[in-house]
Amino acid sequence: MTSPRPGATAPAASGPPRKPARHKPVRRALGLIAPAAVLLAVALAGPWLAPHAIDKPVTGSYATAGDGAVLGGDQLGRDVLSRLLDGGTALIGGAFLVGVTVTGLAAVLGCLAVLRPRLGTVLERAADLAILLPPVLGIMLIALAWPDGGRWAVILAAITLGTPYAVRVVAAAAAPLASAGYVEAALMRGESTFSVITRELLPNLRATVLTLFGLRFVEAAYIISTAAFLQIGPQPPEADWALMIRENAPGILLNPWAVLAPSAAIALLAITVNLAATALAPRTKAVIPA
Amino acid sequence: MAELTPLADTAEPAPGPGTAVRRIAYAGSWGLRAGAVLVRRALLLAAMLAVVFLAVELLPGDAASATSERGDSAADIAARRELLGLDRPLWERFADWMTALPTGDLGTSARGEKVADLLRDPFPNTLMLAGTAFALTAVASIALGCLAAARPGRLTDRVIGHVATSAFAVPDFVVATGLILTLSLWTGWLPAVTVSGPDGDPANWKMLIMPVLALTIPQTGWNTRIVRGALADQAATPHVEAARLDGLSTPRVLLRHALPGALPVIATGLATSTGMLLGGAVVVETLFNYPGIGSVLAGAVASRDTPLIAGAVALAGAAITLVLLAADLIRAKTVGAQR
Chain A
0 MTSPRPGATA PAASGPPRKP ARHKPVRRAL GLIAPAAVLL AVALAGPWLA PHAIDKPVTG
60 SYATAGDGAV LGGDQLGRDV LSRLLDGGTA LIGGAFLVGV TVTGLAAVLG CLAVLRPRLG
120 TVLERAADLA ILLPPVLGIM LIALAWPDGG RWAVILAAIT LGTPYAVRVV AAAAAPLASA
180 GYVEAALMRG ESTFSVITRE LLPNLRATVL TLFGLRFVEA AYIISTAAFL QIGPQPPEAD
240 WALMIRENAP GILLNPWAVL APSAAIALLA ITVNLAATAL APRTKAVIPA
Chain B
0 MAELTPLADT AEPAPGPGTA VRRIAYAGSW GLRAGAVLVR RALLLAAMLA VVFLAVELLP
60 GDAASATSER GDSAADIAAR RELLGLDRPL WERFADWMTA LPTGDLGTSA RGEKVADLLR
120 DPFPNTLMLA GTAFALTAVA SIALGCLAAA RPGRLTDRVI GHVATSAFAV PDFVVATGLI
180 LTLSLWTGWL PAVTVSGPDG DPANWKMLIM PVLALTIPQT GWNTRIVRGA LADQAATPHV
240 EAARLDGLST PRVLLRHALP GALPVIATGL ATSTGMLLGG AVVVETLFNY PGIGSVLAGA
300 VASRDTPLIA GAVALAGAAI TLVLLAADLI RAKTVGAQR
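First to last, the protein sequences are chains A and B. Note that numbering that gives the first Met the number 0 gives residue 194 to position 195 of the first sequence, counting from 1, and the numbers run on in steps of one. Note that numbering that gives the first Met the number 0 gives residue 49 to position 50 of the second sequence, counting from 1, and the numbers run on in steps of one.
The hints are simulated quantities; they were obtained by calculation from the structure and are not laboratory data. Glycine residues also receive a C-beta, built at the ideal position from the N, C-alpha and C atoms. Please note that a few of the clues may not be correct.
[Said to hold, decoys possible] Residues from chain B shown here face chain A by an in silico Cβ test under 7 Å; the list is partial:
{"hint": "1", "residue": "Ala45"}
{"hint": "2", "residue": "Ala46"}
{"hint": "3", "residue": "Leu48"}
{"hint": "4", "residue": "Ala54"}
{"hint": "5", "residue": "Val169"}
{"hint": "6", "residue": "Pro170"}
{"hint": "7", "residue": "Pro237"}
{"hint": "8", "residue": "Val282"}
[Unchecked claim] Residues from chain B that keep clear of chain A, each with C-beta distances beyond 10 Å, as calculated:
{"hint": "9", "residue": "Asp95"}
{"hint": "10", "residue": "Phe122"}
{"hint": "11", "residue": "Arg251"}
Construct the complete structure from the given sequences, taking the supplied hints into account.
What follows is the structure, given as structure tokens:
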């Protein structure tokens, strides 16, 4: 692939490295970030707001809304609203953990790939390799290899599968910086690689890294919820949005809310966080796969 | 990537007596590049299969104990382990498996059936699902991307941008649930589950609509953004600007001048979608009860059937490799043509 090799210096013909326009109108960005913030706050506070216990039947199986259960009952007559309020915390926590880890790893490895071309080639090949393994099959493999892992197996899978691609994004953004005067000057001064990365490269990549975190969060939410839907990860008595969709699908005719509510919750989470991430985005091609 | 489609070399000599020779030299170098791309993709596929095999083998637990019955003694399990060949050295089993692959032999599942037989019927169904979704995604995302690029910065552009961004973020099974609710339960237009005919394929083509849509919608979101970005990069190049200044119509500038240069990026973007489409197919199949590899894999995970999963991954990897190869070739051809 003729993708811009991390570590390759920008050709002289392309002129000075393009600087990403970093500041979008703050107000517009805030308008796109606020819904995500509100939703995250509600989802995280959910368990304390739940009116009923998540594992005790309060109404009939697939009972329709009413009689103390605002969104009706699920397949065992448990309160859908309470389970909905409880089900987001673990998903969001897991996605956050994966997002932070992948972004952190990618930030350091991506810069390292640019400063050390040979390592860059290795990382590039690893990313090529990872593209051949669909995330769903990757989760299945890890779940298979680590059956007692539960949520942690899925989180590990999401980190392993997400990092190579994220490294490539950071490396692509860092490549033009590597030939910038101040980085070359720092290298000439004999500063350590670590110091060049943390003090010269990363501060100039903060917009890319921030966006990357948002997109990785969405991707992690995708992987974790897909795994839960396939019943890898959280196990049945737990209230989990994806698991609720899977469990209640047979009763979709009787109480559509039992499926609709968690579906809408996942969709809202993904859309709001994704819009917030793109609102923060610098005008680069960071989201385009190499 | 804009950086990948360098401007046409201005130092190119005018076509003259040497053209035929140059054409032969070009064809030769194109063949070389294609060969290199082919070898590289084959090596990557082999490497991925090795990683998959190792990941499954090196981590704790194996098929012999996973498929054991309640009353089995340790000796029973050991006997089954020997039967399945699990007592042989790892590298030997891997070498056997890899050398058998090209002959279409995917090994024997933990239950003693041929993996190739288990996957023979469902895999084409999954391929058809993912392939239809792929074709639809390609058409829809190029159309939407062009539509957005035709009016840069205007309302159409922004609406398409935001909708595409949102669509791509929503997991396929959530899209599928929404489709079932709207197209099946509330309107009654389409059947909610797939019923298999006597030959194991879906009984009615209408049953394909919702699974295909559930796969197409998120991937169209992703690819629309890529098409839009690639077209924006092309719009900034001198030859497109010149075409626009010449007063050519917007559709003509877009389709004849901007789109060809954007094709390598679009091809790579679409190729990257293949994995998501195949993986998504596995998930969506369970929701619609579609007779593909999804149900086979779900059972295989439960019984820790390594050969079966490895076989499915091998097939998926091969399918993805083919699509990536096509994208590589399109890229190699475009880059070559500009030399």
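Index of numbered hints that the structure contradicts, given in increasing order: Checked against the structure, the hints that fail are numbers 1, 3 and 7, while the rest are satisfied.
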